[in-house]
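Q: The chain contents come next:
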Amino acid sequence: MEDIQKFTFSVYTENNIGILNRLSAIFLKRHFNIESMTVSKSEIDDVHRFIFVVNITKSQSDKLIGQLEKQIEVIRAYSHTEDEIIYQETALFKISSKHLYDEDIQSRLKFKRANIVAITPHYFVIEATGLKDEIDNMHDKLKPYGLLQFVRSGRIAISRPKMAISELLKEYS
Amino acid sequence: MSTETQTVKPTTTSKMVNISGAEAVIKCLLEEGIDLIYGYPGGAIMPVYDELYKYQDKLQHVLTRHEQGATHAAQGYARVTGKVGVAIATSGPGATNLVTGIADAQIDSTPMVCITGQVAKHLLGSDAFQETDIIGISMPVTKWSYQITDASEIPEIMAKAFYIARSGRPGPVLIDITKNAQFEKFDFEYKKCTSVRSYKAIPDINDHAINAAAEIINEAKKPMIVFGQGVILGKAEEEFKALIEKAGIPSAWTILGLSALPTDHPLNVGMVGMHGNYGPNKLTNECDALIAIGMRFDDRVTGNLDFYAKQAKVVHFEIDPAEVDKNVKTDVAVLGDVKETLAKILPKINKNSHSDWMQEFKDYMDIEYDKVIKDDLYPEKEGLTMGEVIKQINEASKGDAIIVSDVGQHQMITCRYAKFNKSKSNVTSGGLGTMGFALPAAIGAKMGQPDREVVAIIGDGSYQMTIQELGTIYQTKIPVKIVVLNNEFLGMVRQWQQLFFDKRYASTEMINPDFVTIAKGYHIEAEQVSKRENLASAVQRMMDSKDAFFLEVCVEKEGNVFPMIPSGASVSDVRLS
Ligand SMILES: Cc1ncc(C[n+]2csc(CCOP(=O)(O)OP(=O)(O)O)c2C)c(N)n1
Ligand SMILES: [Mg+2]
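Residue numbers (the UniProt record's numbering), protein chains in the order written: chain Z, 1 to 173; chain V, 1 to 577.
Simulated from the structure, these hints should not be mistaken for lab results.
Don't take each hint at face value.
[Stated by the list, open to error] Only pairs whose alpha carbons sit at most 27 Å apart, straight line, appear in this in silico DSSO-like list of lysine-lysine:
{"no.": "1", "chain 1": "Z", "residue 1": "Lys58", "chain 2": "V", "residue 2": "Lys222"}
{"no.": "2", "chain 1": "Z", "residue 1": "Lys63", "chain 2": "V", "residue 2": "Lys381"}
{"no.": "3", "chain 1": "Z", "residue 1": "Lys110", "chain 2": "Z", "residue 2": "Lys132"}
{"no.": "4", "chain 1": "V", "residue 1": "Lys362", "chain 2": "V", "residue 2": "Lys241"}
Given the structure is predicted, the values throughout are model-derived calculations rather than measurements.
Modelling step: build the complete structure from the supplied sequences, incorporating the hints.
A: Quick look at the structure:
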């Protein structure tokens, strides 16, 4: 049996309605659970970039690339292992203001890249950016204060190897 | 109506001032060389139908009796002509009725454009009358789809739809057009689509792959080819034949590759797969090079992958990169259009003949003949067999007919025994196995090749899934020949129940109506045969008829199709009984 690993897929697409459905259907059809997903514009005008994180085997990943690229509006799809990318996630924690001056929270804020981004009489909001484990760790530490709300973004990732989308687009047109 | 190549107008732009979206849709079809479409009207597509009325001298619309029939007719047309088939329907139920045909076209790579009406843009998402999200529903089974909400989008999107449907590995495209876009007026200008920047229709050919493939083929002592529909879709029959003749390689076909190589060709060694021939299945696991050409290693072809051709070097000629290494790991993948890749490899291939190896196929064929074929074609038992009916049709057609088969035992028997001289002559639902495919597909096939005999061979179960298309045949006077092989069972399922479920025949027996009377009700000449001595003359009368003709043959009820690879078994474990 092949090992299951974490793969980060970067999928460059045209900016059209419905493309998300097409892409997610490919994961659905193979019963792959999407661990996280982010959509944004990319470094190229009018080209969107999807980032999917999925735990699958290498051969499943290779086949998935084929199926993703087969979609008419997909310009190119790449899959990367953890060591091939630089990645981050962002989280927001909403906590009751009565804990604002708790020492533990203060020390947590000094640790890592975390900031208070809003303070009101009733609550304050901490924003933290880092690796998934770091955010998880922060979440566990802040949970005892009673999280009024918690949200974490999907992974955003930049690859170490080159992804030559601009060249490709020139070749196509 | 029928020409071998697509008669598409040159890439001049044509213009018209202030026309409606609906008229623009018709103009686009004409620009793409379409003169025949299948469909069914309804509220949300009425503006387009109104234009069809005005343009009926240029564009024939065939009213099928169900939207599923429209898709299968468009598929039948596409399969025998190589052109894009077109089906049109209204929103809601009209659109959902297309889905089976779209899925069938997707898995069997059939070029088709489906046009659906949709509620007006301002009603989208409001659960309006006959609103369904057909784009969402059809997304996983279309090559591409698009919803037009503004008339001005029509020319560009329609051009793109046809380009995508027919280029590269063909497939179905669905264009959903809101009603407001059909009414809106705009200045029409048409430019053919010749590329889409995010889509590479045909991958570049890699010369190293060609050389590596040639080396494997030249060094092989026991090479075997398995070819699929890619040879037909790529119009590469001649290049394919030149290659196998030069290299002297035994060649077996998948169900969709059937007819790309004439049945009588000395290197044609029969069908692979679940009900394929004994030799090619057994020898898949003995060849030293397996050369796959335009096929996709479907599980019905390979059986258990853990025991499939493990000893062989595998070369895969393929247009779709996603198929490479999907099911079977290849040693060399030759990407590209087979018409080009086969032509490129030919000069690098050494002349050869593998007569000892070929003899092994013949020896297996002798065994299969004794154990299976003899009893199928020359039965001594009382009941008529499906095989002898096909043999009789072969004798009458001399192998020149287009044979359209439905799904079940009769399909396997038809594909095993029907004789073909010409490519694009076998029309069947392979990947999806859609019961009900054959009757409407035969209509499309006959309209695509009006000068050729078209014989549909259909099971009693499958027939009743789209039997209403007899109405289309009557109204349109399409002279198709319809043979129902009536075993009063959903025979293929019954066979599995017999072999793997201790003969528990759960819901597979059919109490059937009087099929002859039904056909006559549609004013179609009809006969029934149940005795061997009457078979030949009845088949002859059918073939001689200038009009549509229905022939019911009452065959033995519990006949089985062999050889058979039980599901989950290896191709080596193919059974003869
Ligand atoms: C639409 C659809 N429903 C169910 C099936 C499953 N199925 C495959 S073959 C078969 C029996 C076909 O019966 P018939 O048309 O009488 O052909 P026979 O096998 O008897 O020749 C069935 C039910 C199918 N392929 N398609
Ligand atoms: Mg039957």
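Q: Sort out which numbered hints this structure fails and list those numbers smallest first.
A: 1 and 2
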